[in-house]
Structures are given as C-alpha cells and as structure tokens.
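Put chains X, A and W with the ligands on the given structure of chain E with help from the hints.
Chains as they are written, first to last, in the numbering used here: chain E, 1 to 492; chain X, 1 to 492; chain A, 1 to 460; chain W, 1 to 460.
Be aware that a few hints might be false.
[As the list claims (entries may be wrong)] Mimicking DSS-like on lysine-lysine, the simulated pairs with C-alpha atoms at most 25 Å apart in a straight line are:
{"no.": "1", "chain 1": "A", "residue 1": "K307", "chain 2": "A", "residue 2": "K152"}
{"no.": "2", "chain 1": "E", "residue 1": "K184", "chain 2": "W", "residue 2": "K325"}
{"no.": "3", "chain 1": "W", "residue 1": "K152", "chain 2": "E", "residue 2": "K184"}
{"no.": "4", "chain 1": "W", "residue 1": "K152", "chain 2": "W", "residue 2": "K325"}
{"no.": "5", "chain 1": "X", "residue 1": "K43", "chain 2": "A", "residue 2": "K257"}
{"no.": "6", "chain 1": "A", "residue 1": "K325", "chain 2": "X", "residue 2": "K480"}
{"no.": "7", "chain 1": "X", "residue 1": "K226", "chain 2": "X", "residue 2": "K123"}
{"no.": "8", "chain 1": "X", "residue 1": "K480", "chain 2": "A", "residue 2": "K152"}
{"no.": "9", "chain 1": "X", "residue 1": "K390", "chain 2": "X", "residue 2": "K365"}
{"no.": "10", "chain 1": "E", "residue 1": "K480", "chain 2": "W", "residue 2": "K307"}
{"no.": "11", "chain 1": "W", "residue 1": "K325", "chain 2": "E", "residue 2": "K480"}
It should be emphasised that the hints constitute simulated quantities derived from the structure, not laboratory data.
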Amino acid sequence: MTEALIFEQSRPGRTAPAQAPLESVDSLLEGCELPAAHRRSSKTVLPEVSELQVVRHYTRLSQKNFSIDTNFYPLGSCTMKYNPRACNSLAMLPGFINRHPLGPETHGQGFLECMYELQDMLKSVTGMQGVSLTPMAGAQGELTGVAMIRAYHRARGDLARNEILVPDAAHGTNPATATMCGCKVVELPTDSEGDVDIEALRQAVGPNTAGIMLTNPSTLGVFERKITEIAKIVHDAGGLLYYDGANLNAILGKVRPGDMGFDVIHMNLHKTFSTPHGGGGPGSGAVGVGERLLPFIPVPIVGKDDDGYRWLDERDLPQSIGRLSGFMGNAGVLLRAYIYMRMLGDEGMRRVGEFATLNANYLMKRLEAAGFELAFPTRRASHEFIITLKKTAREHHITAMDVAKALLDDGFHAPTTYFPLLVPECLLIEPTETESRDMLDAFVDAMVRIAERVTSDPDSIHAAPVTQPVRRLDDVRAAKQLDIAWRETNDA
Amino acid sequence: MTEALIFEQSRPGRTAPAQAPLESVDSLLEGCELPAAHRRSSKTVLPEVSELQVVRHYTRLSQKNFSIDTNFYPLGSCTMKYNPRACNSLAMLPGFINRHPLGPETHGQGFLECMYELQDMLKSVTGMQGVSLTPMAGAQGELTGVAMIRAYHRARGDLARNEILVPDAAHGTNPATATMCGCKVVELPTDSEGDVDIEALRQAVGPNTAGIMLTNPSTLGVFERKITEIAKIVHDAGGLLYYDGANLNAILGKVRPGDMGFDVIHMNLHKTFSTPHGGGGPGSGAVGVGERLLPFIPVPIVGKDDDGYRWLDERDLPQSIGRLSGFMGNAGVLLRAYIYMRMLGDEGMRRVGEFATLNANYLMKRLEAAGFELAFPTRRASHEFIITLKKTAREHHITAMDVAKALLDDGFHAPTTYFPLLVPECLLIEPTETESRDMLDAFVDAMVRIAERVTSDPDSIHAAPVTQPVRRLDDVRAAKQLDIAWRETNDA
Amino acid sequence: MPFIPHTETDIREMLDAIGAESIDELFDEIPESLRIEGLEGVPSALNEMQVTRLMHERAAQDRDALSFIGAGAYEHHIPALVWQLTTRGEYYSAYTPYQAEASQGTLQVIYEYQSMIASLTGMEVSNASLYDGASAVAEAALMAVRANRKSKSRRVVFAGGTSRTYQKVAQAIAGTQGLLFDESPLDPARGIADPEQFLAGDEPPVAVVIQQPNFLGNLEDVDALTDAAHAVGALVIAVVNPTSLALIRPPGEWGEKGADIVCGEGQPLGVPLSSGGPYFGFMTTRAALVRQLPGRIVGRTVDVDGKPGFTLTLQAREQHIRRSKATSNICTNQGLMVTAATMYLAVLGEEGLARVAAASHRQTQKLVSALTSVRGVECAYDTPFFHEAVLRLDRPAADVLARLAEHDVLGGLDLGVDHPELGNALLVCATETKTDEDIERYRALLAEVMNEQGSLASAG
Amino acid sequence: MPFIPHTETDIREMLDAIGAESIDELFDEIPESLRIEGLEGVPSALNEMQVTRLMHERAAQDRDALSFIGAGAYEHHIPALVWQLTTRGEYYSAYTPYQAEASQGTLQVIYEYQSMIASLTGMEVSNASLYDGASAVAEAALMAVRANRKSKSRRVVFAGGTSRTYQKVAQAIAGTQGLLFDESPLDPARGIADPEQFLAGDEPPVAVVIQQPNFLGNLEDVDALTDAAHAVGALVIAVVNPTSLALIRPPGEWGEKGADIVCGEGQPLGVPLSSGGPYFGFMTTRAALVRQLPGRIVGRTVDVDGKPGFTLTLQAREQHIRRSKATSNICTNQGLMVTAATMYLAVLGEEGLARVAAASHRQTQKLVSALTSVRGVECAYDTPFFHEAVLRLDRPAADVLARLAEHDVLGGLDLGVDHPELGNALLVCATETKTDEDIERYRALLAEVMNEQGSLASAG
Ligand SMILES: Cc1ncc(COP(=O)(O)O)c(C=O)c1O
Ligand SMILES: Cc1ncc(COP(=O)(O)O)c(C=O)c1O
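One chain only, chain E, in its complex shape (with noise of 0.2 Å):
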C-alpha cells in the first residue's frame, strides 16, 4: 500500500505535546531579548501529526526496505554482512551517548580507551604504523590519504608531483577524490585476466607521479597479482602506493596491505568491521599510513601518557594535513566497529577472509556449473566476482538491470549492476562470510529459475518486479520534472 507522505497526514493544530516544552514559544519568550528583526515569520513543511502517527508512519515505511535484517544482501562491494545487535546496543549506552565532543578527558577514559585500541588493533591488521579514525567515511578516507602522499611530496619540495595513477576499474570515489585533492588523474587499463597492465603502468610513472590507488583485490572480485611488482615500479618512479580498503573483508588475516607495500590505506569500518550501512551510511574510513606519512597523520588520534588517555592535535602534530570533521570523526559508527573487532578476536578476523572467500568462491562455481558467464573464469573469486550478461541481453534483451529486479521479486537483494564499468553487463557477487551455505544454494536456484525464464517467459522479467511496493520507476522522468522536496502547493 502506498505510504502518505509524513506531509499530508499533517492537519493545522496537531501536535505531539509529550516531545516539546510545556509552555508555549510567547511565554517561553516573555522578557527575553530576541530582537524581532531576527524573528522568523515565514511557515515551514513541518508536519502537524501525532506521536503514534509519527511511529505508525515511520514503522510502515521501514517495511518497504531490503535490508540484511530481512534479505540475503550481496551487493559487491559494499560487504552487506551481518552487524551484530550488541554492537549497536552497546554503542548507545548512556555513558557513551551522552558524551559531549569536546568534555574533558577526565570525563572521556572510558571512549577513549576504546579508540586507542581500536587505532592499534587497526595497525595490527593492516600491518601500518599509525592509524587516524577520523575519515568519515571511505571517500574521506581516499581524500585524507592523497592528501597525505601530496603534503609527503610537498613537505620534500617535490611539488610536481601531482598525478595519481588509478586502473580503470576503481570505484568512482578514487578519480574524484584524486580531483578534490587537485590532483590529476591517470588512468591505467586492466589486463584480460583482471591485474592492472604493468607495461601500461611502467609508461605512465614519472616525476609527475605522486602515487597510485589500488583495491586490492580489486573491484573485479580478483587480487591483484603482481602487486610487489607495481609496488616497486610505483616506489621507485618517487610515487607513493594508496590502497583503498573497501575490499579488506577479503584478505583479513590472511595478508596485509603494509606487508603489500602500500604506504596508505583507509578501511571502511562499515564493510570489513560490520558496523551498518544505515541505509547510505553513516561509515568511517579510518586510515592507516606508513613510517613515510605518519605525520601527516590527521587529528585527532588517541595518545596514552601517564595520566591516561588523550587527544593528540595539531599542538602535537604540526606537520598533520588538519582536521576533516568538525570534532573526532563517526565516534559511534568506531565504537561499532571495536565491540565487532573485540567480539571477533585474532582468531575470528582470519575467519572472516577465509569464509568470505570461501563463499564467493563457491557460489562463482556453482552459477558458473548452471550456465552463467564468469567475468574473469580463469581467476579465483575474492570475497566477490563478477558475471556477465551481454550474451543475454544480446540475444534475448534481458540486462543485468532486468535480472536484478527479477531477483527482487524472489526476495533476495540484487548484486551490484554495471559497476565495475568496464565490464558489460556485469553482476558483482558479493556474499560474505556471514550467510550460509542454504542462503548461497538458493540464490542459485532462483538464478536458475530467472536463466529458464529468459528463454520461456523473457516478458516476465521486463516486467520484474511486481512484489514491491512499487514497479520500475521512471527514472527520466524523476531527474526530468525534478520533485525533490514536498511544497503545500504541489499537492494541495
């Protein structure tokens, strides 16, 4: 059923009394000294609505959300893995909740033993030397770590350097935060089997080159193989190497972006570290940086001195590229991540690389068996892999779009369609480690099932889906007559 909007279950007067002060603004206000030039007397959209219409409301539309809470959720890239409950309860005790950003210390021990361990625990997984938990998030991440390798270069006079290199295959947030740091992109082709084209590589380093960004493994679900080597060739030519941890689910415990020879890194705590997505977010992007870059480390980050735990800023970090945030960075979303780490243990993070990887390798193999078309079938799966649909969507006009909301009508979330964009038609699987083997049997099945339909029913999954609360939307139509914000006038 179609949700009113908040807007239009509104009715002049209705209020919810229990959320606001007893007294009304005038008695509230009477001598006091508002000049009325700063008064406001213009209306707002605010809607005039109950509490239980607020709840029924919100409740009812959180219904018509997939979620890991109700779907398997293989979105490659975005490792959709179970976030434990007590993280979030925990997270969200009075004591850590209530705390003011900028309280003092002496009333802070409790948080801040939290970060610090979390910052160390990073480092121990990543293999680096410092660890900032500041990013807010993966992109803020990348943009902190190339503004790192650009303060690096400039603190050393080598203000040429300003090209980062970046495979055609990377996630979008590497080109655009490569801009937002005033840098100019480069980028590098992919090889047949899904490693970057070292001779390619080798023709674009120079005096130019401030450094490279790499996923590893990659957004094409592979590990990049060669990766001493482009380390090398990277070093060598003067540039820095920048690992974009959005895959670090894969190859946690089982090797470190350090050992790798990247010199930054940022995490994305809401993937590797299960702290949820929100439905976009918030993440955090923690970074962890090298001997080369660590001060230029962002502040704050935890110190421990006799007296307990304490915030390091700019005072003890002069060289540091600033501050990203308006106080520490997604403290709650870090919190998350450390109860999961803590829940984990050493023994329970290798799991995570190991199962992770076992489960897109094995469900890679079984679409493979049913007649799906691997992107890269030489390779082993990551924690994620790719199929292609351009035989499909050639012969029977069905794309990778059509099959993704054909599998919503059987209930299981679709996998990332068209990225990375290199390959047509592509599906990105990513189930990680936390669904079971009867969750992987049955998304097979249903594939199976939509595969039978493309030849014997191909307009059924145009029609796809027709169990959601609504079917395919007019996408032109939504950036054409944009309707962007509720406006009493275009509804009354």
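Showing chains X, A and W with the ligands alone in chain E's frame:
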C-alpha cells in the same frame, strides 16, 4: 513469502558462538560433580542456527503481524491505543531490568518509589482505598477480587455466600474466575437497551450472594445507568460489588468506580494505561479495594516509612489472601504504566476518557449514517460500540467474520467479532483516543466499500483476505489434526 | 494533550456529526452525581524529557550490585538481539492473534516456542504461556485434578524441597477450589525429599509436585519420587528450571513413565530480572492431556490454498468459549516474554544452552568452594546441586548480608524467613555471568565481614 | 567462529564443489611471501556477555556530568521513538537505495527529509546529507566556486565569527584545490562581523561564509552581510544551527536575495552527542544550483503503472557516474542520522521545534544572568544571542573548568585555545534540557570555585 520454521533452518553443528560461554560443556564440567544419573542424553529440537539467521527470521516474522504501530486496531474491549515508546526504553533502563526481585530494599528505592506512587495514583483515579499491583493480568485481578470477597464473607463467618452474579454480556473471564474461586455463577439477563435487568437482579440476590461482577461501561459499549440502584440492591443483600476495569478507559477522569459503590476493582494497565499488549501479554491487573476489603489485599505491596520505601508482606497483612506470583507481579509493565501516567498528568488523564468517547460516538454515528445497524441505537457509545450484521448475514450470507477478513485486506485490524455473545453477528468497535479523525474516516470508507461489495461482489468478501501472508485458515483441521509442536520426524 | 491527535476543528466537526454540543454531553447517561471534576493525587503532566530525567534518576538508585541471589529468578546473559527484536512494534504493540491471517508472525513464534519448550522438558505438547512459574504450579495442580479422573482425592503433595513461595501461591489461587496442599518431609541431611517418606501415611494424593533442582538448589531423586507417586495413582507435576534441562534429565524421562505435567518459571530464558516480572510460566504435558491444558495453544494448519499457516486452536478449553467451565480464567498471558524466550532458545541452541548451564554449575561449584573456605561458613549439604547451594553460617545471615550489601555485593537469600528450620542458612547462586574475579570479590569481602563481625562479637 | 554459519559438512562440500582441498588453497593467487599467520596485537575473542560487561564498565567511566558545553554540538531531548525506530533493522542494515523498488522506505524518508530541511532553511532543494557540519562547509565552498562561474576568484571569506574549526576543516578539504580562505575582522565590542569591514580591501571573493548564530553564539547582521557579498558578486554560504531556524529568520530570507547555499551541522535534530559523531551535514540551495550540489538526491516519480514512488536522481553529478568530474567524491553519507532527524522533525513539528529553540534561548538567558552574578564573571558582549554566550572571567577559564569538572559540572568551552584574542573567555550554552535547578547548581558551584581560587590566590 512463507517463512520456514526456525527448525527447518537448522544444520547440525551450526552455532552462534558469541552468545554462549566459549568453553565446551565437557571442559566446563571437568572436575565438577554432576552425577551421570542426572545428566541428560536425549536431544532437543532447539535449532542450530547462526545469529544472522535468528535476526532475519524473527525480523521477517514480525512483519507478518498487524499491530498498533502499523495499523488501526479497533479491537473492542482491548483498548489498543498508542504505547508510548518512552515507556519502553525507560522501563528497560539497566537499573530497572537488572534488579533482582529479592534484592534488598536499599538497592531498590528508585523502583519502589515508582511503585508507591503508582499505587497512589491508581487509588486516586479509581476512588479506592488500597491498591495491590501484584495481579499479572485482568483475569488474575478478577481472581484476586473474588478471592477477597470470599475471604471477607468467611472472615465474618458468612460461609454460605458462594454465588457470584454475572451479566450475560460479561467477558468470559468473569464466570471462569468465579468458578476458579470455587463459586457458583448466576447469570443475569440484559435488557433491550443494554442495561442489567433490575428485576432479575432483585430475584437473584439473596443470602447466598457473595457478590456481583460488573463491567461499566459494559462490554455492550454502554454505561450501566442504574449502577447506584444495583449497588444498593447487592449491598442490601449482603453482597459486594466487583468492578471489571477492562473498560476503565471510557470513564477515566470522569467518574470513579469507588464512587459508584464498587468494593473492589481490577484495572487492566495494558488497556487504560497503555502498556503494550505484546502479542498477547504481559498485562497487569492491579486491584483496588474499598475499606472493607483492605485487610485482604494480596501481598506484597509497597509501604513507606522513615527509612524509605519497603515491601509489606504477610507479616504486615496477616489477613491477606496471600501471594499470586513468585515475586511482586509484572514490575516492568507497572513501570510502563507509571511512566505513562506521569506523562498524562491529571489533565491528560481526564482527556483520555473524553476523547475515547468522542471517537467512539463519532465513528458510531458515521457508520450508522452509512447504513450499518447499531446494536443499541438509542444509547450513547462509551469508548466502544457494537454494530450487528445479522441482516447482512441473513440476506447475503456475509457474516461478521467475512467483514472482519475483508477489513484486513484494507489494512485495518478487525474489531472484536462474536463478542459479546448475546449480540448476533456483532462487531465490537473501539477506536481509542489516540487515533485521529482521519483514520476513523478512512475506516468508515473501508466499511462502506465492503458494504457495497456485499451486494456487488459477495464472492470477493468470502475470498478475503487476499493480501495477507495466508488466506483463511482451516480451523477445523487445526483442531482435528492437532499439530502444536514440531518434531524432527513430522517434517523430515 | 499527550497522545491525542485531535485538532480544534476535528473536535468541532466530530461533535457536529454526532449532534452534541460538547464532549461533556457525551457523558450524559452517567448520573450527574457520580461525575467528578478533578483528579486529586495525580501530579500534573511531565513531558517526555522530564519523565526521562526522572526515571534515569530513579533507575540510578537501583544500579550496579554484584548479585549472588537466585531463588527462582536468575541473572543470565541475554543476547542483545533478543530485546531489540522483541520490542519491535509489530510484536510489542499487537495483541492476542485473534485474526490469524494478520498475526502469522506472533503465531509462528508461539508455535516455535511450544515446540522448543515441549522438547526441552521432554514432553509432547505445550501451551502458549501462563503468568509465571508460581501461578503455573497452581494451574498445574488444578489441571491435575481435572486430568486425574480416577482419583477422588483433592490432596496435592509438594515434595519437601519445593519453593515455599510456590506453595503459597498455589494455596492462594487453587485453595479456594478446595484443593488441599501438603508438604512432604525434607531429608535434613541431604536437603532433598526422602523417597521413603514421600507419600507415607495419609490418603494417596491426586497429584504430587516435584521441583528439580529443588528450591535449595539440590537435585532430587526424581526417578524414585515419580515412580512412588505413579504407584499410588497420583499424577506427577514437575517444576523445573529450563536452563538446567540442557544438562539435566528432563521430566519426560523421570522414572518409569515420566512426569505428567511440567511447569516452571521461564524467566531464565532471556527475560531480564526486572524486580520480579514480567516473566512467564511454561506448561507442557503428554498429548493425551492436551484438552486439560489451561491457556492458549497455537496449531499449524493450512489455508484455503493449502498453504501452511498458524492459528489459535483448541479454544473450546478457554474462558471466552467455555466461560464458567473453562480450564482456566487466563486470557492475556505473557506473549512478549515467550517471544523473547523463543529468540533466546533459537540463538543459544542446545549446545549454547548446555554451556550456559554447565558454566553456571561450574561457577557455583567454585563459589561454594571459595565461600566455604571462609571461617564460619560451611556447606549445608553434600548433595549434587545445579547452580544454587545452601551455606550454613555461624551467625544470622541477615546481618552478614546487610554488611555485604553496603559494599554492593548481594550475597544470596537469607533462608531464615521462609525456612527457619534450616538455621542460619544462606542460599547462594552463580551463573555464567559470574567470573572468577567476582567470586573472589565476594569471598574476600565475606571473609572481611565475618572477621570484623567476629571480632566485634568477641570484643562486645 | 562468531557470525560464521558454516558447519564442517558445509565446508567440505563447498570445497568439493569448488574443487579445492582447503580454504587456504583459495588464497593461492596471493604471493606466498605476503601471507601472514597470526594477528599479533589483536586480543582473543570475547563473547557477547564479556564484551557487554567490558563496554558497560567503559561507558560507566564517561557518565553523568551536567554539561553546559555547546560549541557546535548540542544536548537536546531526543524523543524515545526516534532511535527505537531508526535502529530497526530495515533502516539500520540496509545500504544506499540503489535498488529503488526494494528501498522505498529509505527513499521516502530521504524525500521527506529533503523537504523538511529545505523548508526549514528557507531554500528550495536539499541533498540527502553530507558527513557533518564542518565538512559541509568545505563542500559548500567548492560548490560555490563551481556555481559562481562569473567570478574568477578562488578566495572565500569567512565572516569573523565563524567557527575556527570549520575554517580549518574547509582548509584541509578544499585547500588542496587551491581555494584561499580568509577571515574577516570581528567587531570586538559586539562579537559579530562588522558589515563595514566585511569585504573591505582585497579582491572580491567568489563566496562568503556567514554563520548564524555565529560560533560565539551571537546573532550576526545577516542582511547587511548578505547584501554586501551579493553586491560584489560573491555567493553567500550560510552556516546555520537548524534548531534556531524555528525561531530565527532562515537564510532564504537574508538580505535582498537570500543566501545561495545553506549548510550546517544536523546533530541538534535528534542525533546524540556521542563524543562527536556520527552526525550529519545538511546542504540546501536554490533550485537553479541543484546540479552543483554534492551528494545524493532523492526524487519523486512514478512507476510503470503510474503509481508514485521514489528514486535516486541527478546521479550524473556523482562520483560513480562522473568519476573525476563529479561534484564531490562523497559516496556513503550519513543516511541513518537523516532518518533520525526526519523522525525528530516530524514529531516535533514547527511548534515543537520553536518551543525547543525558545526554551533553549530562555535558559541561556537565565544562565548568563545567573553566572554573571558571580564576582569575576561578566558578559563579553551585549549582542543578541541564541543559546550560547561568551563570558569573560577574571582568570584563565581552564583552571575554573577543571575545578568544576571535579564536581561533574562541565562549565563550557575554554576559548583560550582557539580564540586567544578574546582573553579569558568561556563559551557557555544551555538548551531546553537545563532546568533552573541545573543553572543554580552551576552558579553556586562557580561562586564557590571562584571564591576558593580567589582566596587561594590572595593567600598565595
Ligand atoms: C571500492 C570502493 N572504494 C571506495 C568506496 C567508498 O567508500 P565510502 O562509500 O565509505 O565512501 C567504496 C564504497 O562503496 C568502494 O566500494
Ligand atoms: C471485559 C474484560 N474483562 C476482563 C478481561 C480480562 O483481562 P486480561 O486479558 O488482562 O486477563 C478482558 C480482556 O480482554 C476484558 O475485555
């Protein structure tokens, strides 16, 4: 989609290891003296599932429910009003939920203070002299009340009084309770306007009369107008009056059972005081008593002296009918009621009865205007009212049950059907004060649409519901081919 | 007007539709003389912020003691998922699943619950819950009387170690129907019922009640007791701790034929202590006795399309159908608690629950060893126990407990009140939540208190 | 293996299906030399019970101070429903609504959010969130440069009262793209930017940033500043506290033409303080500039049946489509916080939010009166403020604050660190959460501390 039973998702050897001690049973029991003769060897059906499976299963199952938080739920006699979310979170503060019931009073002054004040507020709104919070639901409150009435007569040596008068419209718990207390039930007829038949009452009372159980307003949705006369008749005959507080919501702040002449009352805190119904409970059936029954009140209750709050028990109340629960009753429910009452305050409490009554009368008039037949067209509705579909049933073979099912398809929970038993094909409709007029109008619209289909498309009503997870269920088969516990074998 | 959504316009138009001048007029059938104007004694409204602060202050007063009290309510770790899911509005704010098609969530949960608890107790069928363990015993006694048609007796014998509170509650609830409750002697040396004396003398009872582990924590000789009761034609009501059943032989396997009715307190299965409730009572039995069960029962069936689904069944036992002849007056039960328990049992599983039971047992063994190393403290019995045990002190437990409590250690239950015959006895409990450090903290504090009081005593 | 559901059988059969001997074999493409064996520095696993206890202990260390700190993050009452609903799994564990049909819940919430925040700021369009207020300012500066094609300047001027932290963050994020940030002079007497000197000298900037209320709590003369900026062809970026907008004129109404871009910290709208995050940054603008907005945007459209629905739109601005030419690199944003904020705004409504704002204002007025009654404490400015004000002390604020904190009163922010030019200055804040008793507690304690330190000083 059908959600497989949790047992069907089980696989041997699968666990949710974060939830149990990390050591194995054998290792835990090493060196412990637990004789083999006591050890269990048989298996259970407890499922072997992962934490994600549990979260996903019970999240998905929850979505198969109608509830106040998702639907209008005008279930007569049940007072399905908004359950404020603050009542939930505040009653579950660690200090409250971690407190052991036998912990010392020194460690429970916060809780005890709430209970003491709750007792007082309940006295105030009912006009009674004493309150015990211990009964765990309305029915247990009834049992408490009748047991006190019995104890009162016995204490006076009045041993013959073992008859309880109960109107024929009474809720099933009333006669069932009387029986459970070893009393005989004498049924009283109702007159055509919904009042107790006074003449019949006069006939019925006598030296065996222990008391009468009344709901006022009655389950017919009307206020018993001759209540003072009834009270006099029963009292004169030596009996006491029991007030079934299930319908207290109708008169909260307007009139008090104590003032009507009742000697004992139970309150369904899960109705009038908005504690959640929890899919069937828990509730609370706190009892209030007048002067005469004070000595017999069940223990424990909370008292106050110079040292603070403390439990009063059998030692303080030697004539008490005793204990009805292992500890003190449904403390968490009581806390929710307390919080609710504090948020309403005196004025808010008065408004409850007013707006519950306004909503019921409005809905009644609108349905009458739309052609529905009222059971008591000459009467005011209380907080609820009855329509009868006997004509529709006779002429179109569409029953109250059919209409109930059709309402589900429109997203409305059905009113109470086939209760009270004496009104044929009845729907007992209780909107509560927390529903908006818009919602009531939408309900009328739905009823009108159904009424139209009664003639235009009766089959569609017989076929309803069609939008729910299942269609109409085979109740006969459920009782005949009894399947009330899953066993490995019966599905393997 | 908290929680009331009406605008002034609504009120006016609604009254117009009704044809009334004022809301007050809607109450015109109520005798004027009865109407009240104010509600003295109810303070004026607090908003949510104010009540939040108030409740935080109150809760803060009750916080943070290290507790070794059991005695019928047990502190266990409750997985975070349990209450995060249980309080979802769809469970929390629904009612009894009268409209089955719109309540399949609750119904399937109850069906799963019934299956789990029946299996855990070793029985065939279960109801959907009763109020709590104590009242369940009362209902079980009434059920036994109904079920044991061969017996003319109304006498019900409690094995000597059964909770005195449960006995009192049974008396209060079932006593009015003429049931006569007796307690069999406790073997003072072993702290369990003596099978020899269990049913000695008197007329054979209609039913017996055997608690395992008993209130003192000890493991009864349930086989002998069960067989003795069956031998005289009595039904056996087992009262059990559900956690223990992952480790200990279930009532369905007691003696030759097994217990007939099993009930108990469900609280240990994922329900917080909460000062005593809400908890839930469970009750299971043999299939043959299902029609005597009190309370709701959910059955699996199919819909008109043959699709499986769930519905309330065997309602003819219940008050809303059978009225004065119902098996019980229970209507609202403890559904939400059962929802929590089902999730708890699902996520723990057999192995997890067994570990909880085993860890509780081991920590209690450690606790007893530690505390009895303190001078003046000894073990009252040498009987196998589960996760509670009775200690005997050389002085009244109340004084010791009070001193411990000053240091926020709640040292157990003073048995002096309900069991004066046991002397200076203290019932202690440890579960998997108590670490070795917690036990050591208790021991050290106890040693200090005993020492200090001892020297005080000798000084005085 | 926490959270991993595989049984031994699963593993074996899965490896068989893959054709691998062991899980390790699946890593055979990774150079042997890089593979590690253990994870030193990661402690071994705790179960949920253990980590629960640990976190309770840690949280207990951080608890229960009476705080008068604001400075960009504000303590407000958050209705209980907000986080009970926001943490429902369907919101909590979903991701960016890439599959619109299966994400209508999240999408409609964001559409409602966009509508509310656009309206509250007096603008036409909004994005779906940025990371926080500080980074939103940086994004706004970058957006202004893109949008103001007429200007050749890369200079952005901050009005003097703008948060220094925001300035630093803008520098760190946008500085690498060659933006030059300047701060205009603060009128030392009034604690606001002087409109006369605002854009004096130098080349006209591409944009200006005006914070209202400014970091010192004072209300700027936004009309004059806005018009001055527009007069020289600069775009106006407004940085606002969203709570204040229920009471204070919104940026859309500043000066002749209104601000061009509005951003700020969304935290006051239902997001807990949580040591600094996660919060969310909001950004709204005029419809004409929508294609320059960074971040996600949700639009309303219809499905193939003509039924209304919601979807991500204008994605061509974003990194996943436009890559190096995107309006920003932002991908994951702060969706869950926006979900909370939407519920917060819905349940408060305009009237509720205005009351929160008015109560905060009044309590701050009372706070200032109370504290300035203490000897050695005076008001730094006589300018209208919203819910923060600067006090000047006769000694360094740090010492005073430290003493107050010992009594669990957090007396405000010492401005000595970021604003040494203001002398011994203290930024204090009260919201609707501070009662008259709270204020009196602070006053009394401050008087004591000032007195004690005073006498100590004279004694020493
Ligand atoms: C490969 C890759 N890199 C970077 C990112 C950006 O991370 P975030 O969304 O946390 O900004 C993502 C996220 O989807 C990603 O998949
Ligand atoms: C009129 C009436 N009396 C008594 C009861 C019994 O109350 P409870 O269900 O709390 O036992 C009810 C509950 O539905 C009722 O409606």
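* Asked: Checking against the hints above, which ones are violated?
  -> 1, 8
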